[in-house]
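Sequence order for the protein chains is S and R.
The C-terminal position of the first sequence is numbered 573 in this note's numbering, with every residue numbered one higher than the one before it.
The C-terminal position of the second sequence is numbered 945 in this note's numbering, with every residue numbered one higher than the one before it.
The set of hints was computed from the structure by calculation and includes no laboratory data.
Backbone N, C-alpha and C define an ideal beta-carbon position, used for all residues, glycine too.
Mixed in with the good hints, there may be bad ones.
[Stated by the list, open to error] Distance windows between CB atoms, simulated: (1) S:Gln464 <-> R:Arg941: 22 to 32 Å; (2) R:Thr943 <-> S:Asp499: 14 to 24 Å; (3) S:Ile528 <-> R:Gly874: 41 to 51 Å.
Here is what each chain is made of, one letter per residue.
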Amino acid sequence: GQQLNQSPQSMFIQEGEDVSMNCTSSSIFNTWLWYKQDPGEGPVLLIALYKAGELTSNGRLTAQFGITRKDSFLNISASIPSDVGIYFCAGDDQGGSEKLVFGKGTKLTVNP
Amino acid sequence: DAGITQSPRHKVTETGTPVTLRCHQTENHRYMYWYRQDPGHGLRLIHYSYGVKDTDKGEVSDGYSVSRSKTEDFLLTLESATSSQTSVYFCAIRGQGDTQYFGPGTRLTVL
């Protein structure tokens, strides 16, 4: 089935640094979602994107729906220790589909 | 908070025993999903439901069955648990605009 390529797989950064991660697909997506998962918990929705070129922020997080509709980016500015976790992208490639496609996640470690 | 609870949160069982996991939601969402999460595989869809008694298979449905007799409850059953079904199981509901909201997860260990 459809897969999303998410990169990098892991990141080790210093507190205060900015972070960027991305997801790419081989087909056009109509919706891009970004989730964060803390250890031992379920994924939590951070940002939802619905239009090509759309740029949406949630606090220090900013995500963009790529203009080609085949990619999406998530940026975290001025990272803090509580940003640690796994970030997942997900998308809908069929417009109103009942199912989502998920990336395998980017594991973020923030050193104080 | 999408009002999703899962029970049990942790379970250890033996190979060959039946296991049922429960997902309960309080907000009358039509769509509910069961995923498993394993290292290196990410989230994989097992089964989903689009209404009471309406269910369909996901990409890893072998060895699992589901039932939805009420809007608020979606049950996942492992008829005869195997060690390969050791995993973390997440329930989700579908919100607006293709979003999905996840429960806290059930950690299942099959010995």
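Tested hints:
With their beta carbons about 26 Å apart, S:Gln464 and R:Arg941 fall inside the hinted range of 22 to 32 Å. Our hint of 14 to 24 Å for R:Thr943 and S:Asp499 holds, since their Cβ atoms are close to 21 Å apart. At about 31 Å, the beta-carbon gap between S:Ile528 and R:Gly874 misses the expected band of 41 to 51 Å.
Violated hint: 3 only; the structure is consistent with all others.
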